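*Asks:* Chain A is already provided as a structure; the job is to place chain B on it using the hints.
Sequences listed follow chains A and B, in order.
Okay, so the first sequence: first residue is 1 according to my numbering, each after it adds one.
Okay, so the second sequence: first residue is 1 according to my numbering, each after it adds one.
Think of the hints as simulated: they come from the structure by calculation, not from any bench.
Here the structure is a predicted model, which is why all the values come from computation and not from measurement.
Ideal Cβ placement from N, Cα and C applies to all residues, glycine included.
One or more of the hints may lead you astray.
[Unchecked claim] Covered stretches of chain A (chain B as the covering partner; in silico rule of three or more C-beta atoms under 8 Å from a C-beta of chain B):
(1) 242-250
(2) 260-269
(3) 406-416
(4) 453-466
(5) 476-482
[Claimed, not checked] Derived lysine to any residue pairs resembling SDA-like cross-links, with alpha carbons at most 25 Å apart:
(6) B:Lys28 to A:Gly112
(7) B:Lys28 to A:Asn452
(8) B:Lys28 to A:Ser437
(9) B:Lys28 to A:Asn448
(10) B:Lys28 to B:Gln295
(11) A:Lys330 to B:Thr58
(12) B:Lys270 to A:Ser437
(13) B:Lys122 to B:Thr58
(14) B:Lys28 to A:Val507
(15) B:Lys270 to A:Gly121
(16) A:Lys330 to A:Ile457
(17) B:Lys94 to B:Gln126
(18) B:Lys270 to A:Gly418
(19) B:Lys270 to A:Gly291
(20) B:Lys28 to A:Ile441
(21) B:Lys28 to A:Ala117
(22) B:Lys28 to B:Gln300
(23) A:Lys330 to A:Leu345
(24) B:Lys270 to A:Asp430
(25) A:Lys330 to B:Gly60
(26) B:Lys287 to B:Arg51
[To be verified] Just a few of them, taken from the derived set where beta-carbon distance is under 10 Å, the chain B residues facing chain A:
(27) Gln37
(28) Gln41
(29) Arg176
Spelled out, the chains give:
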Amino acid sequence: MISPGFFSFFNAQRGLLASQMALNTVNHNIANANTEGYSRQRVNLEAFHPYTAPSSNTQDVRSGQLGQGVTVESVTRVRDTFIDGQFRLENSILGMNTNIRNSLQQLEGILGEPSNAGINGSLQGFFDAAQELSLNPESIAVRQDFLQHAVDLVTIFQQQGNQLAGLQRNLVGDPAVPGSFDISQLAIHVGDANNKLEEIAALNSEILTVLASGAQPNDLFDRRDVLLDELSKIVDISAVETPNGQVTVRIAGQLMVRGVTLVDTLEVIPNPGPVPDQDTQPSLVQTVNGGFDIINNAAPDTITYGTIKGIVEVVGRSTTQTTVRGILEKLDLLLGTIATEINNLHLSGRDLNGNVPAAGDPVFELVAGPGLDIFNYRVDPDLLNDPRLLAAAEGPPAPYLGTGDGENALAMAQLRDGAFAPLGNSGFVDFFNGVISRLGIDTRTFRNRSDNQEIVISSLDLRRKSISGVNMDEELVDLVRFQRAFEASSRAIKTFNEITQTIINMV
Amino acid sequence: MGINRITSGFLTDQSVGFLNNNLRTLSKIQEKLSSGQNINQPSDDPVGLTRILDLSNTLGADSRYARNIEAALAEVSVVDSVLGNMTEMIHRAKELAVQGANYTNNQDGLNAIALEIDEIIKQMVQLGNTNIGGKYVFGGKQTSAPPFDRPAGSNDVNYSGNDPATAWQRRVEISRGVEIEINLNGENLLGQVQTITPAPPPPVFSAASHGVLKTLMELKLDLEAGDQDEIRARLDELDVDLNNILAQQSRIGSITNRLELTLSWIDERKAVFTRQFADIQNIDMPKLISDLNFQETVFQTSLATTARVLQASLLDFLR
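Isolated chain A, as found in the complex:
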């Protein structure tokens, strides 16, 4: 059996090309070692299909095949898609927990406890002033001081109430403020999700084109995986890859991306009410084309995790965990109860002139206005103008005994130690401290949860990187290996060249 004259040249040439291709891939891997979501690529080499030398004896065919060198079968990325699925689920949980944690930490900042400047401090100041009034009811200065503490109390409740309402507006928007929906955190995250859905559909289309030409779009796959990872943090998704390399994305069971088609996107709309409650959920998230509410449905037609879910959950009202609205309503209830109790005593007492106050002159006056009562209380201006009108003395049926009567003020001061049905039979201070310690426990819980979730995520990411990540040393070894292979193929060409020359010179 003989080989054709230049057969060996082509054989060595294929070796050169394959080595070059491998070197190029090593280069690509090294260059992308720090690229987010990059999967290392591997050149799959394969022996070129063998040459069957023509022979006079046809039975000799099988043993007469000659190797024709090497060929690049494919360049594939090294990736475990099973871990991707796990990673995305855990990433959704992380997105939710982190967001709830952040909002709860903001709540801690707003309430500012433990400190002497917050609600606790002003409650203490108010009831101390009532004690002082019970000692010196005849003093105008002491009366003024008491009323000033009442003003401080209302002010601090309203300041914190406004900050809470501001946080809620910032998170989900407020029907009373036009345009607040579009700049809310919820809308920003929904917009982000929409962009990602759109990009995924576009990548699906590119991938389809490349696959049709027979090539393997590894880098496009990587980019799409990064998008799916990021999307999963915003909202929990179901992403299924079809045999033709396309990915189908569903949110809350709703089809969002199918192949190259962007079927639907999400939008934030003001809650038309009445169900669910507009106070706790001022805005809804629904699909644009389907008009499908992705939050207020039973599983599986609802989202369970992700930043969006976290935002909606930390705003609303809940019996099991601290929420922005929950705290606002608790402060509202607390101020309302204090006002009612103090007013009841005041209106049944006697002022410094010995008169029972008119029904229209309470200490804490509720004026008509929008929103919760907490925003509409004020200390009655008539009292501020004339502190003599404050009823520090005992009222009927007891007879009026004089300006030194501080019995009613003492009763006001002793409200501090009372227990009240609207507050679940606890006192003012205990009720507020209950809110604070509950907030502390919940913040800690979500901090631990998001810390743990970050550990889960990073260990999954580690596993993913251990499979898909680029190891420089490994690449350097490959670099040397293929460099040597290239050199050897070159040497082979040189050798064949010399052989050929020898033959030519013989002529």
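*Replies:* Using the frame of chain A, we list chain B on its own:
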């Protein structure tokens, strides 16, 4: 989970993660050291927080009670010395009465003694109108006007404060739900004098007249009339009045005692609660500083390790 392949990105990520952890620990220690508090946010220690909110609530209320007690003490100590003055006056009146009983047939001398008794009455009225911090203390809840009034040239001394039959006591809360009455009623203390008009000489006092003021007024009139037997009889009445004042003074004494006891009890409680509060909320400085040093060492070690791990590369040997 075994990690079989260690990649460059893995090393970087892990190093950054470790460095971040160390920095977070450092910053927590720094927060505690610079605020001096263990609990800066409720979530730092929710259980400890409940305890310190409780303690600071109790401490706050206690400090208010302490201020109430101090105000009450300031008032009753003045009242105590006023009562001391009143007993001195009565003793003086008794001496004068004894003198008067022995001045026989010397109406001029008796008149001079009567003048001094009149002075004593004036002083008693003045003491009855004692004002402490803007409050007339013997008028019950009637604190804005002087309770005793002696119209010029009259033998009457009118009491216009709260009637002893009413709820005239001013109460001060000295600990949770415990109130103490801190004032004395001027009429119980000194009585009053009302002449029935038109008064036949010698004047006749109404049934409402009683107390030391009435006795002194009668003594004065007896001295002016030179009635030795009556003057002697007044001596016994003055003893009764003196005992009344002394009884009221011992009441003030027991109020003072109770106030002081409660105050020292609050102080003891405060010491205990403050220590408990400090145990939870105040930082353990030596421990934190040694923690800080330790964390610093750990941080520097992990910086050094990171620098060396990230440097190591096959590249160094492929020359």
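*Asks:* Now tell me, hint by hint, if it's right for this structure.
*Replies:* A quick look at each hint next to the structure:
With 0 residues having a Cβ less than 8 Å from any Cβ of chain B, the segment 242-250 of chain A misses the three-residue criterion, and the hint is violated. For a cut-off of 8 Å, the count of residues in the segment 260-269 of chain A with a CB near a CB of chain B stands at 0, and the three-residue condition is violated. For the segment 406-416 of chain A, the assignment as covered by chain B holds, since 6 residues bring a beta-carbon within under 8 Å of that chain's beta-carbons and 3 suffice. With a threshold of 8 Å between beta carbons, the proposed coverage of the segment 453-466 of chain A by chain B holds, since 7 of its residues qualify and at least three are required.
Evaluation of the coverage hint for the segment 476-482 of chain A: fulfilled, as 3 residues show C-beta separations to chain B shorter than 8 Å, against a requirement of three. At most 25 Å may separate the alpha-carbon atoms for a hinted pair to count; Lys28 of chain B and Gly112 of chain A meet this at roughly 18 Å. Of the supplied pair hints, the one linking Lys28 of chain B and Asn452 of chain A holds, its CA atoms being roughly 19 Å apart against a limit of 25 Å. Taking the CA atoms of Lys28 of chain B and Ser437 of chain A, the gap is near 20 Å; set against the 25 Å cutoff, the hint holds.
Restraint check for Lys28 of chain B and Asn448 of chain A: the C-alpha separation of about 16 Å stays at or below 25 Å, so the hint holds. Between Lys28 of chain B and Gln295 of chain B the alpha-carbon distance is near 11 Å, which keeps this suggested pair within the 25 Å criterion. A C-alpha spacing of about 23 Å is found between Lys330 of chain A and Thr58 of chain B, which places the hinted pair at or below 25 Å, so the restraint holds. About 23 Å separates the Cα atoms of Lys270 of chain B and Ser437 of chain A, which keeps this hinted pair within 25 Å; it holds.
Annotation: proposed proximity of Lys122 of chain B to Thr58 of chain B is violated, straight-line Cα distance about 48 Å (limit 25 Å). Only pairs whose Cα atoms come within 25 Å are accepted, and Lys28 of chain B paired with Val507 of chain A is rejected, the gap being roughly 89 Å. Taking the CA atoms of Lys270 of chain B and Gly121 of chain A, the gap is near 18 Å; set against the 25 Å cutoff, the hint holds. At roughly 36 Å between alpha-carbon atoms, Lys330 of chain A and Ile457 of chain A are farther apart than 25 Å, so this suggested pair is violated.
A hinted pair counts as satisfied when its Cα atoms are at most 25 Å apart, and Lys94 of chain B with Gln126 of chain B qualifies at roughly 20 Å. Restraint check: the Cα-Cα separation between Lys270 of chain B and Gly418 of chain A comes to about 22 Å, which is no more than 25 Å; the hinted pair holds. As the CA atoms of Lys270 of chain B and Gly291 of chain A are separated by approximately 63 Å, the hinted pair breaks the 25 Å bound. Between Lys28 of chain B and Ile441 of chain A the CA atoms are separated by roughly 18 Å; this keeps the pair inside 25 Å, and the hint holds.
This hinted pair checks out: Lys28 of chain B and Ala117 of chain A have alpha carbons roughly 23 Å apart, not beyond 25 Å. Of the supplied pair hints, the one linking Lys28 of chain B and Gln300 of chain B holds, its CA atoms being roughly 17 Å apart against a limit of 25 Å. Simply put, Lys330 of chain A and Leu345 of chain A have alpha-carbon atoms about 23 Å apart, close enough for the 25 Å limit, and the pair holds. Distance check on the hinted pair: Lys270 of chain B and Asp430 of chain A sit about 20 Å apart at the alpha-carbon level, within 25 Å; holds.
For the proposed pair Lys330 of chain A and Gly60 of chain B, the alpha carbon gap of about 23 Å is at most 25 Å, so the pair holds. Restraint check: the Cα-Cα separation between Lys287 of chain B and Arg51 of chain B comes to about 22 Å, which is no more than 25 Å; the hinted pair holds. With a cut of 10 Å, the hint placing Gln37 of chain B at the interface with chain A holds, because the nearest CB-to-CB distance is about 8 Å. Look at Gln41 of chain B: its Cβ gets to within about 5 Å of chain A, closer than 10 Å, so that hint holds up.
Annotation: interface hint on Arg176 of chain B holds; nearest CB of chain A at approximately 6 Å, less than 10 Å.
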